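Peer 1: Protein chains in written order, with my numbering: chain A, 184 to 296; chain B, 2 to 867.
No wet-lab data here; the hints were simulated from the structure.
Take these hints with a grain of salt, some might be off.
[Unchecked claim] Which stretches of chain B does chain A cover? Using the computed rule of at least three CB atoms under 8 angstroms from a CB of chain A, they are:
(1) 33-41
(2) 52-58
(3) 64-75
[As the list claims (entries may be wrong)] Partial list, computed: chain A residues near chain B (C-beta under 8 angstroms):
(4) TYR214
(5) GLN229
(6) GLN244
(7) ARG245
(8) GLY246
(9) ALA261
(10) ARG262
Bear in mind the structure is a predicted one, so any value in this text is a computation, not a measurement.
Glycine included, each C-beta is placed from N, C-alpha and C at the ideal position.
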Amino acid sequence: MSNEQKAGVLQGTLDLMILQTLATLGPLHGYAIGARIEQVSSGAIQLNMGTLYPGLLRLEQRGFVRAQWGRTETNRRARYYSVTAAGRRQLETEKTEWARMTAIMQAMLEGAE
Amino acid sequence: MRYRLREWWRRFEGTFRSGDDSETEEELRFHLEMAEQDALRRGEDPRHARLREGGIAQAAEAVRDRRSIGWLADFVRDGRHGARLLRRSPVFSLAAIVSLALAIGANTAIFTLMDAVILRMMPVHEPGRLVQFGRDLSYPLFRHFRHELRCFTDMFAHTSMGRPDVVIDDEPEPAAVEFVSGNYYSVLGVSAFAGQTFDPAIDRNPAAVAVISHAYWKRRFGLDPAVIGRSFRWNDRAFRIIGIASPEFHGVVPGKTPEITLPVSIAGEVLDSPAWLTSDSRRWLQVMGRLGDGHTVETAQAEVAAVYAGVVEAEARNTGGNEFQKQRVLAQRMPLEASGNGFDFLRFRFAGPLRLLMGVVAMILLIACANLANLLLGRAASRRREIAVRLALGAGRGRVLRQMLAEGMLLSAAAGVLGVLLAWWLAGTLITTMSNGGDRIALNSRPDLRVLAFAVFITMTACLLFSLAPALQAARQGIQPALAEARSGARWRWGRALIAAQVAISVVLVIGAGLFGRTLLRLYSIETGFERDNVTLISVKAGHALRDPILESLRSMPGVTSASFEMSPLGFKGWEASALVEGYTYGPNEDEQVHISFIAEDYFRTLRTPVLSGREFTKWDTAASPKVVVVNEAFARRFFQGRSPLGKSVRFKGETGRYEIAGLAKDIRSRSLVGSIPATVYINAAQASSPPTGVFMVRGTGIAPLVNPALKRVDTRLQAADVRTLEENLSRSILNERLLGALSGLFGALALILVSVGVYGVMAFQVARRQKEIGVRMALGARPAQVVAMVLAETAVPVGAGVAAGVAGALALTGLAEKMLHGLSPADPATFAGASLLLMLVAALAAYAPSRRAARLSPVETLRCE
Chain A
184 MSNEQKAGVL
194 QGTLDLMILQ
204 TLATLGPLHG
214 YAIGARIEQV
224 SSGAIQLNMG
234 TLYPGLLRLE
244 QRGFVRAQWG
254 RTETNRRARY
264 YSVTAAGRRQ
274 LETEKTEWAR
284 MTAIMQAMLE
294 GAE
Chain B
2 MRYRLREWWR
12 RFEGTFRSGD
22 DSETEEELRF
32 HLEMAEQDAL
42 RRGEDPRHAR
52 LREGGIAQAA
62 EAVRDRRSIG
72 WLADFVRDGR
82 HGARLLRRSP
92 VFSLAAIVSL
102 ALAIGANTAI
112 FTLMDAVILR
122 MMPVHEPGRL
132 VQFGRDLSYP
142 LFRHFRHELR
152 CFTDMFAHTS
162 MGRPDVVIDD
172 EPEPAAVEFV
182 SGNYYSVLGV
192 SAFAGQTFDP
202 AIDRNPAAVA
212 VISHAYWKRR
222 FGLDPAVIGR
232 SFRWNDRAFR
242 IIGIASPEFH
252 GVVPGKTPEI
262 TLPVSIAGEV
272 LDSPAWLTSD
282 SRRWLQVMGR
292 LGDGHTVETA
302 QAEVAAVYAG
312 VVEAEARNTG
322 GNEFQKQRVL
332 AQRMPLEASG
342 NGFDFLRFRF
352 AGPLRLLMGV
362 VAMILLIACA
372 NLANLLLGRA
382 ASRRREIAVR
392 LALGAGRGRV
402 LRQMLAEGML
412 LSAAAGVLGV
422 LLAWWLAGTL
432 ITTMSNGGDR
442 IALNSRPDLR
452 VLAFAVFITM
462 TACLLFSLAP
472 ALQAARQGIQ
482 PALAEARSGA
492 RWRWGRALIA
502 AQVAISVVLV
512 IGAGLFGRTL
522 LRLYSIETGF
532 ERDNVTLISV
542 KAGHALRDPI
552 LESLRSMPGV
562 TSASFEMSPL
572 GFKGWEASAL
582 VEGYTYGPNE
592 DEQVHISFIA
602 EDYFRTLRTP
612 VLSGREFTKW
622 DTAASPKVVV
632 VNEAFARRFF
642 QGRSPLGKSV
652 RFKGETGRYE
662 IAGLAKDIRS
672 RSLVGSIPAT
682 VYINAAQASS
692 PPTGVFMVRG
702 TGIAPLVNPA
712 LKRVDTRLQA
722 ADVRTLEENL
732 SRSILNERLL
742 GALSGLFGAL
752 ALILVSVGVY
762 GVMAFQVARR
772 QKEIGVRMAL
782 GARPAQVVAM
792 VLAETAVPVG
802 AGVAAGVAGA
812 LALTGLAEKM
822 LHGLSPADPA
832 TFAGASLLLM
842 LVAALAAYAP
852 SRRAARLSPV
862 ETLRCE
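For reference, chain A alone in the conformation it holds in the complex (with noise of 0.2 angstroms):
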C-alpha cells in the first residue's frame, strides 16, 4: 500500500484502531499502540508519529481518551493513554456501524459475482 491510499483507510479507522486497542489491553503508551496495530495488522498499517500523536491528541480532545505520565518496566518516563467511559461508548458505536458496513460491502461483492 503507498502512504497515500493508507492515508485515506485510515481517515475513518485510526480512531476505531487506537479505541479498540486501549480497550482490549488497557493503558499503554503511544509507541506500544502503534507497535500493536503493525502487530495486529501483520505489518500491513504502520503509523509512523505525524500521523499517530495528531490522533491521539484528537481522541483525546474529544474526550474519548485520557493521557496521564507514568513509569515503564524500566523506569522510564512515559505518557500513558487510557479509553474513557465516553471512548468506550463511541467504541461500540463505531464497530456496530463497521460491523453493519461491511456486511452490507460483503453481500454487495458476493452478489456481484
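Chain A is already provided as a structure; the job is to place chain B on it using the hints.
Peer 2: What follows is chain B alone, placed relative to chain A:
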C-alpha cells in the same frame, strides 16, 4: 456531536496556551528511542526506524496544528508581537491612538445625537406602524377622523401644556404636562409600571386622574411606591395619580417626555372653557394613527385626503366673500408621515445641522486615517530590514500582511475604546447645550448597541483604510530588494499625496468653521432696533388684574429706570390676524395676515426703541379710553407706502372694535435674530379683548435678586417662573447657529492639529531619507537658510495642491449650507482667503522643525554615517 464541540473548545483553549510543546517533544523522543531499540533487537539498522517514523520536529508541528486553531493562533501571535512593537515606541503609539480616538469620538458623538433625534425608534408596540398627522387637529376634527377613517386600527391625540406649576403638598413646582386621549397608552402599547394607565372609556366619562412618567416618579417622588392614589393640584383642580408608565417610554416626541399625562376629556373643565373640546377652530392636538393590516402610509394618505376634502369644503363655505381666504382654506392639505421615531420638532430643528456635522466629522476621520497610514508607512519603511528577514526565513507574504494589519487593529481597538468614552462625554455636553434653548430635552446620550455597532464599524473601516496601504507595501517588498532606494521615492510620492489630501480636507473644514463663525458674529452685531443690554425678562403666572400692581412694584425697585409688559410667553412666536387697514384694498391673492403684539405702556422706552412719529402707550390709555395702536415701519411700508399712518384706523377680522394708529415705531427684532421682520400692530394690553399671560420687562442693573421680593409685596403667593436677560433670550434664538459655530470651530481646530502632525511626519521622514544629499550640499557650501528654504519649498508643492483642491471642494460644498448662513455668501472671499493662508502657515510651521534639523546637520557626520 457533543464531542465535536468539545474538541473545538479544547482547541480554542489550546490556542492561548503555549506550555505543552516540551511535553510533546519528550513523548516523541521516547517514541523514537523505543523504535530504535526495537530495530536493534530485530537486528535492523536503527536509522531505518528513524526514517520510517519521520522527524520529531515535523511530528511536533503536526501535533501543534491539531492542538490549536491555526488562524486564531497566528492572530494571537500577531497581536502579541504588535503590542510589543507599540510598547517599544510609546510616543508614536500615543499620537496615533489619541488622534484616531478624537476622530472616532467625534463621529460617535454626532452619531449618538443623529440616532437619538432621527433614527431611533420609539420603545412602543410596532412603532413602524405609527403614522402622524402633519397638522394639529381640533378635538371635534380628531373625533371626526377617528369615526370616518378605516385605515387605522385606532388613533390617539396628545398635546403639551408646557411646564406649568403643579402643586404637590402645597409646593408649586413646574412639570411637563400633556393632555392625551384615553387610548394613548393602549394604542402605543405602553403598559403601566405600577398602577394602571387610562381606560379608553375615560373619553366619555371624564375623570380628574393622571398617569405619571417613570422619570418624574423618580425625580419628584424618589420612587416612593405609595404615590399611586396621591393627589396634586393644577389650575385649582385636584388630580389623583392612578399609574406610572413603563420606564422605557419617553413620549412620542424625541426629547420631550411628558411627566404628567391627563385625559384630554377633562381639558374643558380644567382650562375654564369647554371650547377646547367643542370648537373647531382650536386646533391644538397632535394626532397619530396605527395602520391597520394591509394599509400603508400611502393608502392611509389617500383616505385621509378624501375625508379632509369634505371638512375643508365645509370650512370654505364659511369664509364669506374673500376669494383669497377661500382659496387659502381650500388649499389646506393633511399630510401624513411615518413616525416610528416620534413627532419631529427636534428633527425639524436639528436634522440639518446634525447632517452637516456628520459630514464634518467624517472628514476628520479621513484626516486621522491618512495620518495613521502615513505614520505606519514610515514605520514600515524603517522596519524594512525586519520584514526582509522574516520573508527570507520563509514567512508567507500573507503572514507579513496580516501581521501589519494586526498592529493597525490593536491601534484602532485602543482608539475605539477611548473614542466611545469621549463620545459619551461629548454627546452629553451637546445635549445640554441644545437644551439651553429653553425646551428641556431629555435625550439619551448613553451609547446603546446601535451606537456601539457604529463605533465598531468606523473603527474597523479606519483600521482597514490606514493599515492596508503600508501593509501592502511591506508585503510587496522583497520582490526586488535591490530597488530599496527607488521605493523610498515611491514613499515620498505617497507622502506628498497624503499631505495634499489632508490639507484639502482641512481647508474645507476651516472654511466651514470660518463661515459659521462669521455668520455668528454678524448675527451678534445685527441691528436689532433696541438696546439689548440691561433688560431683564420676568415671567410670572398672575391674573390680569395684578398686572398694573406688579408693574408699579417692579418700577419701584432700586436701579430700575423703566418697566413694561408684553403679552407673550418667552419663546412664543406670536399671534397673527387678518387686518383691514383704512385706505388700503387687498389684491385678490394677497395675504391679509399681520403680526400682533400686546404690550403695556413704556414698552418702547424700556427697550430704548425710537418712536419715529406719534406716541407710545401711556397709563392714560385704559380699557375705557379710545382704542389706539402703534405700528412698526414694516407695517407702514406695506400699507401706507411711506406716507404717515398716524390717525388712520385698523380693524381685525372677527372683531367689531376699530383702532386708531397713534404711533410709528422703529422695526425691532425682539424675538429672533434671524428671519425677516413682519408687519406688526402693537395693541395696548389694557385694551385687548382676551388678555393672555405674558412677560414683564425691566430696564436697570442688578435686577434679578430683587424680583421675588418685589412680587411678594404685591401678593405673597406670587413667584417668578423664569428670570432671564433679553440678551440670553436672543442668544437662545440662534442656538443652531451657536452650535454650528462652536462645533465647526472645534472640528476645524482638530483638523489643523491633525494636519500639522501629518505634515511634520512626512517631512521628518523626507529629511531623514535625504540626509546624505543634504550633507553633500552643505559640504559644497549651501548655507543652513538655503537648506531650510529647500525643505519648505518641497512642502509647498503638495500643500499648494491641497489648498487649491480644498478651495474647489469648499466652493462645491458650502452652497449646501447656504440657508444656515443667513445672508453671508457661501463663497465669502475673506473666509476663503483666510482659511487658505491659515493652512499654509500651519503647514509651513509643521515643516519648519524638520527643516531646521536638516540645516543643523554637520556635513561631516552625515557623510560618515553611510
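Peer 1: If a hint holds in the structure, say so; if it does not, say that too.
Peer 2: The hints, checked one at a time:
1. 33-41: Since three or more residues must qualify, the claim that chain A covers the region 33-41 of chain B holds, with 4 doing so at under 8 angstroms.
2. 52-58: Result for this restraint: holds, n = 4.
3. 64-75: holds (count 4)
4. TYR214: 4 angstroms, holds
5. GLN229: 7 angstroms, holds
6. GLN244: Holds: closest Cβ of chain B sits about 4 angstroms from GLN244(A), inside 8 angstroms.
7. ARG245: 4 angstroms, holds
8. GLY246: 6 angstroms, holds
9. ALA261: 5 angstroms, holds
10. ARG262: At 5 angstroms from the nearest chain B Cβ, ARG262(A) passes the 8 angstroms test, so the hint holds.
Violated hints for the displayed structure: none, as all numbered hints are satisfied.
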